[in-house]
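S.K.: The lines below spell out each chain.
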Amino acid sequence: MIDHLNWPATLVFIGFFCLVTLLGFAAARWRVGDLNDIAEWGLGGRRFGAVISWFLIGGDLYTAYTVIAVPAVVYAIGAYGFFTLPYTILIYPLLYLTFPRLWTVTHRKNYLTAADYVFGRYGHRGLELAVAATGLLATMPYIALQLVGMEKVIQALGFEGQGWLAHLPLSIAFVILALYTYTSGLRATAMIALVKDVMIYVFVIAAIIIIPAKLGGYAAVFDAANAVFAKKVAASGGTAAAGLLLTPQQMMPYATLAIGSAMALFMYPHAMTGLLSASSASAIRKNAIALPAYSILLCFIALMGYMAHAAGIAVTNPQDAVPQLFLKMFPSWFAGFCFAAIAIGALVPAAVMSIGAANTFTRNVWKPFINPAISPHEEAALAKLMSLVVKLGALAVILFMPTKFALDLQLLGGVWMIQIFPAVIIGLFTRWFSGWSLLTGWAAGMILGTWLAWAPAAWTPLHKLFGTDIAVYNGLIALAANVVIAAVLSAILPNSAPDETAAADYEDAPLGTAA
Amino acid sequence: MKFLLLLIPCVLSAVPLFYNLIEPRLFGFPFFYWFQILLIPVSSLTIYIFHKARR
Chain A
4 MIDHLNWPAT
14 LVFIGFFCLV
24 TLLGFAAARW
34 RVGDLNDIAE
44 WGLGGRRFGA
54 VISWFLIGGD
64 LYTAYTVIAV
74 PAVVYAIGAY
84 GFFTLPYTIL
94 IYPLLYLTFP
104 RLWTVTHRKN
114 YLTAADYVFG
124 RYGHRGLELA
134 VAATGLLATM
144 PYIALQLVGM
154 EKVIQALGFE
164 GQGWLAHLPL
174 SIAFVILALY
184 TYTSGLRATA
194 MIALVKDVMI
204 YVFVIAAIII
214 IPAKLGGYAA
224 VFDAANAVFA
234 KKVAASGGTA
244 AAGLLLTPQQ
254 MMPYATLAIG
264 SAMALFMYPH
274 AMTGLLSASS
284 ASAIRKNAIA
294 LPAYSILLCF
304 IALMGYMAHA
314 AGIAVTNPQD
324 AVPQLFLKMF
334 PSWFAGFCFA
344 AIAIGALVPA
354 AVMSIGAANT
364 FTRNVWKPFI
374 NPAISPHEEA
384 ALAKLMSLVV
394 KLGALAVILF
404 MPTKFALDLQ
414 LLGGVWMIQI
424 FPAVIIGLFT
434 RWFSGWSLLT
444 GWAAGMILGT
454 WLAWAPAAWT
464 PLHKLFGTDI
474 AVYNGLIALA
484 ANVVIAAVLS
494 AILPNSAPDE
504 TAAADYEDAP
514 LGTAA
Chain B
13 MKFLLLLIPC
23 VLSAVPLFYN
33 LIEPRLFGFP
43 FFYWFQILLI
53 PVSSLTIYIF
63 HKARR
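Order-wise, the sequence lines are chains A and B. Residues 4 to 518 (this note's numbering) make up the first sequence, in order. Residues 13 to 67 (this note's numbering) make up the second sequence, in order.
There's no promise every hint is true.
To be verified - No more than 20 Å apart at the CA atoms, straight line, and that leaves these computed lysine to aspartate or glutamate pairs for EDC-like:
(1) 64(B) x 511(A)
(2) 14(B) x 510(A)
(3) 112(A) x 503(A)
(4) 112(A) x 511(A)
(5) 112(A) x 510(A)
(6) 112(A) x 40(A)
(7) 64(B) x 503(A)
(8) 112(A) x 6(A)
(9) 289(A) x 511(A)
It should be emphasised that the hints constitute simulated quantities derived from the structure, not laboratory data.
Please work from the sequences and hints to get the whole structure.
M.R.: Shown next, in the form of C-alpha cells:
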C-alpha cells in the first residue's frame, strides 16, 4: 500500500494538510459571530471585505478539478481546451453589471440564496423550488469531482491500495473537512482559501519559470506539443481533431461553450454563496476588476498540458499528465507542495459548495414545504447537518459509482444551471416575466437540454443545429427555448403577482440622496 | 454608450475567427495564445475605466 510512497513529497503534503486543518477549527474564533445563526455560519455574517472576498471567490471558482481537468483537455486535444480563456473574460463584465444589484437586494431583504430572492421577486413557490432544486442537482456531482482532483494527487504521491483501502486517504481528508465546515462554516473556508491561493500562486509562478527553462523555452514547448498532435492526427487517418489551433468545426463549440459556461457559473450555489458573503456591493465591483488575476494563472495551468508533451510525458489518462509533470520536473519536496496546493484547492470549493447547497435546502425546500415555523437556531442546525449529508453523498458517489457518472452529471450541471439565468439575472432588471411563465420556460429548458445531451454512447455537450455542420452548446439551445416560452406566456398573461422588492432595493448608492 | 467599452473584450474573445492564427508569435507563444492572454488584463482595465466613469 505504501511501498512506493514518495516520502519527501508525502511528508510535505501531510504537513500542509495538518496546518489547514488547525486553521479550519481555529476559524470559528475569527471575527466572532453567533454560529448558531444561519447567516453567520453560512455567509460568514456578510463581513468579508474586498480582499478576503478576492481570496475566497478566487479559491472557490478556480477549483482543484480545474487544475487537473483543463490541462488534461489541453494535453489530449490542444487549443480546444483553452475555451476557458474566453469564458473567464466573459464572466467579469457580467459579474460587474449584475451582482452588485443582487447583493444589494439580498442584503436589504435578508435573503441568503438565489431562490430566496426569486421567491421575494416573483411570489411563486414553484419557481423558488425549481431554482433551489437546479442548484442542488448541479452541485452534488461538482463536489464529487473535487474529490477526483484530490484522488489524482494522492495517487501521484505513490499511494496504492485495493478495494476500499484505495480510497482511505481521501475519506480521511474529507471527514476532517466535513467536521471543520460543520463547526466553523464559511469562516473556515475563507481562512483556508487564503493559504490555498498563496500556495497555488507560488507553484504556478515556479512552474512557468522553471519548467520552460528546463525544456528550452516556450517556443520549444509549443513545437513539441505540435509534433505530438501531428502524430496523433496522422495515426487516426486525419479524423482526430487536435492541434495548436482550432479546426473550423471547433470554432462554434469553442465560442458557445465559453458563453454558456460563463452564464452558468454564477448561478451555481457556491458562486452565489461566495459573492453574497461580501461586505458590500462595492467589494464585488472591486473583485470584478481584480479577480482576472486568477484567469492568468488558469491560462498558465492550461499550458502545463503542453509542457507535459515537451517533457516527454506519455500517460493513458490525460488527467495524470500534470501530476507526472511535477514529479519529473521538480524536486520531491516541491512536488509534494504542489500536490498539497491542489488537494487544499479541492477543500475550498467543496466546502463552499456544501454550504451553498445546505443553505439552499434549508431555506428553500425545508422551510417553505416542510416546516414553515422553523426558528433561526433550528435553521442553522439543519444547515450544518445538511452540509455533512451533502459531503457524505458526494463521497458515496466517488466510492460506489464510476467516475464517469460524476463527469457526465457535471456536464449536464452547466446545462441545467443556465436555465435559472432568466429568473435570477433578467429578474434583477425587469419584472416583466411572470413567475409561472418562467417556471414553464425552466421546465422546457431542463427537458430539452437533458434530451439534447443524451446520446447512445455517451452524454455530449454539443448539438448540431438543424442538420447543418454547425455544433452549438446544448445549454444555449435550451436557454433559447426557455426564454422564448417564458416571453410568449408572459405576453399572453401579464405578471400580476406581488413583488416584495422595490426598484430602490437594487441600487446601493442612490444618486443625489443619502443612502 | 460606455457599455460598449465592456463589450469590446467580450466580442473579441467570443469570436475565435479573430485570433485562430499561429503568426505573429510573441516570446515563442503563437498568436492564438498570447492574444487571449493579453485580453485578460485588457478586460480588467475596461472594467476599471467603466468603474471610474460610473461616478
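S.K.: Run every hint past the structure and note whether it holds.
M.R.: Results for each hint:
1. For the proposed pair residue 64(B) and residue 511(A), the alpha carbon gap of about 16 Å is at most 20 Å, so the pair holds.
2. This hinted pair checks out: residue 14(B) and residue 510(A) have alpha carbons roughly 19 Å apart, not beyond 20 Å.
3. At most 20 Å may separate the alpha-carbon atoms for a hinted pair to count; residue 112(A) and residue 503(A) meet this at roughly 9 Å.
4. In summary, the hint linking residue 112(A) to residue 511(A) is supported, as the alpha carbons are separated by about 13 Å, within the 20 Å threshold.
5. Between residue 112(A) and residue 510(A), the direct Cα distance comes to roughly 13 Å. Compliance with the 20 Å bound is thereby established for this hinted pair.
6. For the given pair, residue 112(A) sits about 16 Å from residue 40(A) by alpha-carbon distance, which is consistent with the 20 Å threshold.
7. A threshold of 20 Å between alpha carbons decides the hint, and for residue 64(B) with residue 503(A) the separation of about 32 Å lies outside it, so the pair is violated.
8. Taking the CA atoms of residue 112(A) and residue 6(A), the gap is near 58 Å; set against the 20 Å cutoff, the hint is violated.
9. For the hint linking residue 289(A) to residue 511(A), the alpha-carbon distance of about 14 Å falls within 20 Å, and the restraint holds.
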